[in-house]
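Participant: Put together the whole structure using the sequences plus the hints.
In case you want the letters, here they are:
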Amino acid sequence: MKHTESENTGVDWRSESTSAPDVTRRERLREVYEDGVRTPLLVAWADWRTRFGLLIVGGYLAMALVAVFGLWREPSTSQAPRYLMLFENMNYPLGTTASGTDLAALIIYSTPDILLMITAGAVWATGVAVAIGTIAGYKGGQVDQALMSFSDLVMAIPGLPLVIILAVTLNPENPILLGVIINISYWAGLGRSLRSQVLTIRQNDYVEASRTMGVSTPRIIWKDIIPNLMPYVTVNFVFAARYVMFASVGLFFLGVLPYSKQNWGVTLNFAYSGGALFSWSAAHWLLAPMLAIMGLSLGLILLGQGMDRVFNPRVRTRMAGESKSTASDDEDTGLTEVL
Amino acid sequence: MVNYYVRRTARVFATIFLVASLTFGLIRLLPGGPFTQLRATLLRQGVPAEEVDARIANLQNIRPDAPLYEQYANYMLSLAQGNLGESIALNEPVVAIIAKAAPWTIFVVLVSTVLVFVVGIFLGSLQAYWEGSKFDQVLSGISISLMSVPFYVVAVILLYVFAYQFGWLPTAGTVGTSVERELSVPFLLSALEHSILPIVSYTLGAIGGQALAMRGNSIQVLGNDYVQVARLRGLSDRRIATRYVARNAILPMYTGFLLLLGFRLGGTVILEQIFSYTGLGYYLFSSLTSNDYPLMMGTFLVITVALVLGVYVADLTYSKIDPRISAGDSDEAY
Numbered sequence: 001m002k003h004t005e006s007e008n009t010g011v012d013w014r015s016e017s018t019s020a021p022d023v024t025r026r027e028r029l030r031e032v033y034e035d036g037v038r039t040p041l042l043v044a045w046a047d048w049r050t051r052f053g054l055l056i057v058g059g060y061l062a063m064a065l066v067a068v069f070g071l072w073r074e075p076s077t078s079q080a081p082r083y084l085m086l087f088e089n090m091n092y093p094l095g096t097t098a099s100g101t102d103l104a105a106l107i108i109y110s111t112p113d114i115l116l117m118i119t120a121g122a123v124w125a126t127g128v129a130v131a132i133g134t135i136a137g138y139k140g141g142q143v144d145q146a147l148m149s150f151s152d153l154v155m156a157i158p159g160l161p162l163v164i165i166l167a168v169t170l171n172p173e174n175p176i177l178l179g180v181i182i183n184i185s186y187w188a189g190l191g192r193s194l195r196s197q198v199l200t201i202r203q204n205d206y207v208e209a210s211r212t213m214g215v216s217t218p219r220i221i222w223k224d225i226i227p228n229l230m231p232y233v234t235v236n237f238v239f240a241a242r243y244v245m246f247a248s249v250g251l252f253f254l255g256v257l258p259y260s261k262q263n264w265g266v267t268l269n270f271a272y273s274g275g276a277l278f279s280w281s282a283a284h285w286l287l288a289p290m291l292a293i294m295g296l297s298l299g300l301i302l303l304g305q306g307m308d309r310v311f312n313p314r315v316r317t318r319m320a321g322e323s324k325s326t327a328s329d330d331e332d333t334g335l336t337e338v339l
Numbered sequence: 001m002v003n004y005y006v007r008r009t010a011r012v013f014a015t016i017f018l019v020a021s022l023t024f025g026l027i028r029l030l031p032g033g034p035f036t037q038l039r040a041t042l043l044r045q046g047v048p049a050e051e052v053d054a055r056i057a058n059l060q061n062i063r064p065d066a067p068l069y070e071q072y073a074n075y076m077l078s079l080a081q082g083n084l085g086e087s088i089a090l091n092e093p094v095v096a097i098i099a100k101a102a103p104w105t106i107f108v109v110l111v112s113t114v115l116v117f118v119v120g121i122f123l124g125s126l127q128a129y130w131e132g133s134k135f136d137q138v139l140s141g142i143s144i145s146l147m148s149v150p151f152y153v154v155a156v157i158l159l160y161v162f163a164y165q166f167g168w169l170p171t172a173g174t175v176g177t178s179v180e181r182e183l184s185v186p187f188l189l190s191a192l193e194h195s196i197l198p199i200v201s202y203t204l205g206a207i208g209g210q211a212l213a214m215r216g217n218s219i220q221v222l223g224n225d226y227v228q229v230a231r232l233r234g235l236s237d238r239r240i241a242t243r244y245v246a247r248n249a250i251l252p253m254y255t256g257f258l259l260l261l262g263f264r265l266g267g268t269v270i271l272e273q274i275f276s277y278t279g280l281g282y283y284l285f286s287s288l289t290s291n292d293y294p295l296m297m298g299t300f301l302v303i304t305v306a307l308v309l310g311v312y313v314a315d316l317t318y319s320k321i322d323p324r325i326s327a328g329d330s331d332e333a334y
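Line order of the protein sequences matches chains A and B. If you read the first sequence in the UniProt record's numbering, its first letter stands for residue 1, the second for the next number, and so on. If you read the second sequence in the UniProt record's numbering, its first letter stands for residue 1, the second for the next number, and so on.
Keep in mind that the hints were calculated from the coordinates and are not lab data. Keep in mind that a hint or two might mislead.
Claimed, not checked - To give an idea of the interface, some chain A residues facing chain B are shown, with a C-beta separation under 8 Å as derived from the structure:
1) L147
2) S149
3) D152
4) L153
5) P158
6) I221
7) G250
8) F253
9) L254
10) P258
11) F278
12) M294
13) L298
A virtual CB, placed ideally from N, CA and C, is assigned to each residue, including glycine.
Facilitator: What follows is the structure, given as structure tokens:
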């Protein structure tokens, strides 16, 4: 568990290193690097799921860079023959649409906005949830009541319909704003389940000990509570990101969000209304955006599970002991499927 | 304890009141204004001008010339009487439309969520039991793949294959057009036939996550000391499996189930649009595109109330079935 404070340095990366006063600044930095960056990455990399997840998400990042630096032709109508199939012409590997637009270009140029959007949405949702959940769970009493009533109110508003109404009202085109709007109420459920985790954690002996020792509340929350929530938070961060993607693509697909920005959902919508559902020769038009969605989603899920392993002390201990990745625990990830 | 239930119940009403106010405010924010849009639409449809004015005046819940606070008061008052006004686009009381639409949505969401829950728990516990086996690995892989497919993608694929290519299942609607809407065998069969694709596509994508969550829970429970102790005490496997493992692994998912039910009601906006399945989500979306304010508020509110009640029931019952969680107010405050 995170609370164990060990005295040896560098070696025991499970501990929340509290350095002795005679350790130099440089040594401490190195220790922080070892504990906080290198070892978790190594542990994560040792697990094939995380490796896959990192590779996939990295691939999408690369795609976003390709779009940002213009390394692939931009999508435009009649830039290629109409209705090219998958791999029919290797200049247009994903084929073309009814209007002769390069599908690969459509997919690639949607990526930067989607990545921005899902990051913004996930940061917003988990940030608010952690703040509300820990404070409510730890403080209890009136604060808890007030915060949970507020969460209940937010949770009581059906997310997707609310987002649809907001989207029609505000017509958001900025991907960051869009990400936040889509997850505007996502934090509520997460905050509530984090609170219940905190309720259990604060009963633990070491929290009790910290309290009797007179450690300040913010410090207890920061040192004793939040580290124990980390597996939960990281996994839900990834799921929040995935929710933003699913919801945004769905809403673009419905035609609720403004069309001006490229999104896989827009491509899906055009394919759908362009009759791709009826003819085999246009099926790739539907398939390309679908594969793009599923690929990123798969990457995010694998990454989420991998993060769980990195932050889950129980599994890490086992892995340190066996140095072989047989660990396969999955923590309860709280609210599972929403979309 | 009784105090807690009273307060919790009061909070339900307060929440519904607040959400109703919020819906009113939100929907008032929509661009265009309800009646300029409506006038234009009706005039374009060739309805004579004086009839347009009369119809607008007849709409119960919103009187466009009244000041906002009066509109609000009127809205809340008639809401309390169960009057949701009249739909602008469909020219019918909103309550009647909702009464027609809600059963379809409830049917699809309930069946698919129960399927997700039951199948997910079943698969997850089997996986946990045979942790690390081929079965576990393959199923985990399938679960993760399923999780990465959004339900609307499943819906489009299923629609493509089973409705358009093979023609086995209908492409749209809740029942066949030639079928009488009365309780009869052909009606039920037709309804069932029309609901297969929506239910399957709404179920498939969600099962994976549920199975993985259950698997995680069960593995955690299996590792607990009390399970070992129970084994040492020589209790039967069945007793251990049902009383010790299943109970403790399903408990955390119980609240999730009721929340899931509520959340998934919202998702039907996309689902029902794809299948032209005339449930709540379908009308919510169509009311939005036609600026049909009363219908929009009505459907939104009904979905909201369902969610509120779901959370309420979860809250009240969770402390009953899990004695570790006290019902909220007995915890001392730090």
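Participant: If a hint holds in the structure, say so; if it does not, say that too.
Facilitator: Status of the hints after comparison with the structure:
no., hint, verdict
1, L147, "13 Å, violated"
2, S149, "6 Å, holds"
3, D152, "6 Å, holds"
4, L153, "5 Å, holds"
5, P158, "4 Å, holds"
6, I221, "11 Å, violated"
7, G250, "5 Å, holds"
8, F253, "6 Å, holds"
9, L254, "6 Å, holds"
10, P258, "13 Å, violated"
11, F278, "6 Å, holds"
12, M294, "5 Å, holds"
13, L298, "4 Å, holds"
The structure fails to meet hints 1, 6 and 10 from the earlier list, while all remaining hints are met.
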